[in-house]
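From first to last, the protein sequence lines are chains B and F. Every letter in the first sequence is one number past the one before it in full-length UniProt numbering, and letter 48, counting from 1, is 48. Every letter in the second sequence is one number past the one before it in full-length UniProt numbering, and letter 131, counting from 1, is 131.
Using 30 Å as the maximum straight-line C-alpha spacing, the simulated DSS-like pairs for lysine-lysine come out as follows:
| no. | chain 1 | residue 1 | chain 2 | residue 2 |
| --- | --- | --- | --- | --- |
| 1 | B | Lys24 | F | Lys117 |
| 2 | F | Lys36 | F | Lys140 |
| 3 | B | Lys39 | F | Lys140 |
Stretch by stretch, here's where chain F covers chain B in the computed footprint (C-beta under 8 Å, at least three residues):
| no. | segment |
| --- | --- |
| 4 | 62-68 |
| 5 | 79-85 |
Here are some chain B residues pointing at chain F (derived, C-beta under 10 Å):
| no. | residue |
| --- | --- |
| 6 | Asp18 |
| 7 | Glu19 |
| 8 | Ile21 |
| 9 | Met31 |
| 10 | Ser33 |
| 11 | Gln35 |
| 12 | Glu55 |
| 13 | Phe56 |
| 14 | Asn57 |
| 15 | Gln59 |
| 16 | Thr72 |
| 17 | Asn73 |
| 18 | Pro74 |
| 19 | Tyr75 |
| 20 | Leu76 |
It is worth saying that the hints were derived from the structure and are not from the lab. Heads up, the beta-carbon is just placed ideally off N, CA and C, and yes, glycines get one too.
These are the residues of each chain, in order.
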Amino acid sequence: MAENVKPRVRVPKTATKDEVITIKTLISHPMESGQRKDKDGNLIPRSIINRFTAEFNGQMVLDTTLEPAISTNPYLEFDAKVPETGEFKFTWYDDDGSVYEDAQKVEVS
Amino acid sequence: MLISRRAIVAASAGLAGLAILPIGLRAQEATTAPVKTADEIIAEFTGGAEVSEGDGVTLTAPEIAENGNTVPISVEAPGASAILVLATENPTPGVATFNFGPLAASQAAATRIRLLKTQDLVAVAKMADGSFVRTAANVKVTIGGCGG
Numbered sequence: 001m002a003e004n005v006k007p008r009v010r011v012p013k014t015a016t017k018d019e020v021i022t023i024k025t026l027i028s029h030p031m032e033s034g035q036r037k038d039k040d041g042n043l044i045p046r047s048i049i050n051r052f053t054a055e056f057n058g059q060m061v062l063d064t065t066l067e068p069a070i071s072t073n074p075y076l077e078f079d080a081k082v083p084e085t086g087e088f089k090f091t092w093y094d095d096d097g098s099v100y101e102d103a104q105k106v107e108v109s
Numbered sequence: 001m002l003i004s005r006r007a008i009v010a011a012s013a014g015l016a017g018l019a020i021l022p023i024g025l026r027a028q029e030a031t032t033a034p035v036k037t038a039d040e041i042i043a044e045f046t047g048g049a050e051v052s053e054g055d056g057v058t059l060t061a062p063e064i065a066e067n068g069n070t071v072p073i074s075v076e077a078p079g080a081s082a083i084l085v086l087a088t089e090n091p092t093p094g095v096a097t098f099n100f101g102p103l104a105a106s107q108a109a110a111t112r113i114r115l116l117k118t119q120d121l122v123a124v125a126k127m128a129d130g131s132f133v134r135t136a137a138n139v140k141v142t143i144g145g146c147g148g
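Could you build all of it, start to finish, from the sequences and the hints given here?
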């Protein structure tokens, strides 16, 4: 179990209908690649976030498969459009079975 | 002192045994899960379909990355349904696969990746009509980013 995993997301609070908004997400996670060795020369087992999804009102924006080549504290930036007022739901899936979630509301005027 | 043939045979067998032992241990350590090559990952992504070079997909990466631990990259392929990114010379070549949903405003994404050494990055986009296009970018890495 990775410790101190904390998702951070930047989403504008308001938008106009169908406006393109840029979303930035970051989650603190060591993303242990499974390639590194500890000081005794033993391989440290892989422990990464292997999937990230972003949904808006249940509709998919981005579904990403992540591999060990993604840096520590995986950062993702992408564009979404919002057809109506609603909520973004972000989900990160850990190798160890943990699921981390964050939600952000957007008001459409 | 007279050394018998038998003694020599026994001694050399013992030496040979000692020499083999560490090699055996090392071999065992190296046998982890088999790693797919970049070509295998691309074949899996495309289902064996032909991949054309060039237009339609853009891969942006720095020409020189001082620190291979965190290299900013971005990919864009207007109209694509998915983009696969590979680092050909990493111990595990897979980097990420972006699948774009109906509310994606653009078929683009940016992230930060690890690169072991100077190498080519490859992006393969699956277009809406089911065709595939690929592009590559070379990144020079000053300090590798995979540990060990």
